[in-house]
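> Sequence:
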Amino acid sequence: MPSITHAFRTASHFSRSTTKTYLNLSRTFSTTLTRHEINKIHPTPESAISGMSSDSTLLCGGFGLSGVPDTLIAQVRATPSITGLTAVSNNAGVVGGGLGLLLESKQVKKMIASYVGENKVLERMYLTGELELELTPQGTLAERCRAGGAGIPAFYTPAAFGTVVQTGELALRHNSDGSVAQYSTPRDVKVFAGKSYVMEEAIRGDYAFIKAYKADRLGNVQFRFSAQNFNGAMARNATTTIVEAEHIVEVGEIEPNAIHVPGIYVDRVVQSTAPKGIEKIVNAKPAEESTAASASLDSKRERIVRRAAKEFKNGMYANLGIGMPMLAPSYVSPDVEVQLQSENGILGLGPYPQPGEEDADLINAGKETVTLLPGASCFGSEESFGMIRAGKINLTILGAMQVSARGDLANWMLPGKVKGFGGAMDLVSNPAKTKVVVTMEHTDKKGRPKILKQCEFPLTGRACVSRIITDLCVFDVDFTNGLTLIELADGVTAEEVKEKTDAPFKIADDVKPML
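Residue numbers for the sequence shown follow my numbering, so the first one is 877 and each next one is one higher.
Since the hints were derived computationally from the structure, they do not count as laboratory data. All figures in this text were calculated on a predicted structure; none of them were measured in a lab. A couple of the hints might just be wrong.
As a list, the in silico SDA-like pairs of lysine to any residue whose alpha-carbon atoms are at most 25 Å apart [said to hold, decoys possible]: (1) K1268 <-> E1187; (2) K1189 <-> G1224; (3) K982 <-> S926; (4) K1161 <-> G1292; (5) K1322 <-> V1294; (6) K1071 <-> T1115; (7) K1152 <-> V1056; (8) K1090 <-> R1000; (9) K1243 <-> R1000; (10) K1090 <-> K1243; (11) K1293 <-> K1268; (12) K982 <-> T955; (13) K1268 <-> K986; (14) K986 <-> T1115; (15) K986 <-> V1056; (16) K996 <-> K1243; (17) K1382 <-> K1293.
When you get a sec, could you build the whole thing from the sequences and use the hints?
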């Protein structure tokens, strides 16, 4: 056993050298010495993706053509040894651009996305068995990416209950003859506070390709406007996160409260060199042209849009679907102030831009160019759908292919066509707090009813539609008792509505004119 004297000598030695020890430690952790500085910047895209292996899961930010890491995608395209990728993205690019390049080069074996739109290459590959496709509701996809980065293995969501996503009837893969080779897995369902929720597993990425506005050598990242979309959640997720930035700046140039993704999540940074694209340039029309356009609008559609505008109430937060719903704000009274939300990460949508003032980082959910109103805010897709599922949106107006007597909605798929869910399943997931209004023509192009006893097409949501506005009438929907006719268009009778409606309905005692 050491002597007491030796112990005191040892203690005395450490006591005398304390200051010197702390100074040595301070020098060891100093950030001022160049030889020890953190520098995540890579000189070339080739260097930035070095070591990337085949059969990896790749998370790819972007929405439409906004916020897409095209420089990194092009580098993978130029590296044909990288194959068998599982690509996770909101959409799968376009023919000749974005992830569409990796589909064409056959470097992607599986796609996880919410919407594929007009990508005919993907549609062909999917229907002929060359590609596995896992369609996921947009908000669920954002949350699966967020959860994976936060160490949460699974979660429950109200979106997609009662749809093919929950029941496991979604075709993941086809045979070469077009027959289904594999269906999705049924989801676990639990009831919380009397409401059904679907369990979804988190997604974990091996790599994440992120498009940023600014980044520094520490890996701190700043996004710009709606280009944030899925980039933030995906940047926090992957084992290796690679950022391509429009501007690589000095440390400290991005203000601390302007950093959207701290450098702890980022592994590599490279200069972005690909030009930014805009999928749909839409401009504001001069007053005289706007008046002429309104006059030339199909009378059926104009009737529907004008009636839909009456749904807006002062102070509302609203989300509008593509098509007729987006036209409704043009007919809202000037004394009614409504904040429009776009699920790709904008609150406070403004009008379309003037010619020459388009911004690739400012698009709506339909990929159209937009502007921001004073007081607008921009955020990531995961936050956008959080406010949607939580019922913070007072009103959503959507188009539809079919609506049932009990308010079931079908608006995402036509037989033989592959489009995807987009954000609709999330938007209709909380009808107790978000009023769901459908705008559509009363019959299809062949004159067949679109309001049915039960929907024939795959559902977007069950018991979610509160009101139906068509060119003939307006129905209120009770999820238990069914339809009630409350308004009629000029010159339309209840008998005509009955002839063109498959579902039974009651007639209100005081049926009013639509307009």
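> Look at each hint and say if it fits the structure.
Status of the hints after comparison with the structure:
no. : hint            : result
1   : K1268 <-> E1187 : 17 Å, holds
2   : K1189 <-> G1224 : 16 Å, holds
3   : K982 <-> S926   : 20 Å, holds
4   : K1161 <-> G1292 : 36 Å, violated
5   : K1322 <-> V1294 : 22 Å, holds
6   : K1071 <-> T1115 : 35 Å, violated
7   : K1152 <-> V1056 : 38 Å, violated
8   : K1090 <-> R1000 : 37 Å, violated
9   : K1243 <-> R1000 : 23 Å, holds
10  : K1090 <-> K1243 : 23 Å, holds
11  : K1293 <-> K1268 : 33 Å, violated
12  : K982 <-> T955   : 12 Å, holds
13  : K1268 <-> K986  : 34 Å, violated
14  : K986 <-> T1115  : 19 Å, holds
15  : K986 <-> V1056  : 15 Å, holds
16  : K996 <-> K1243  : 18 Å, holds
17  : K1382 <-> K1293 : 35 Å, violated
Consistency note: the structure conflicts with the earlier hints numbered 4, 6, 7, 8, 11, 13, 17.
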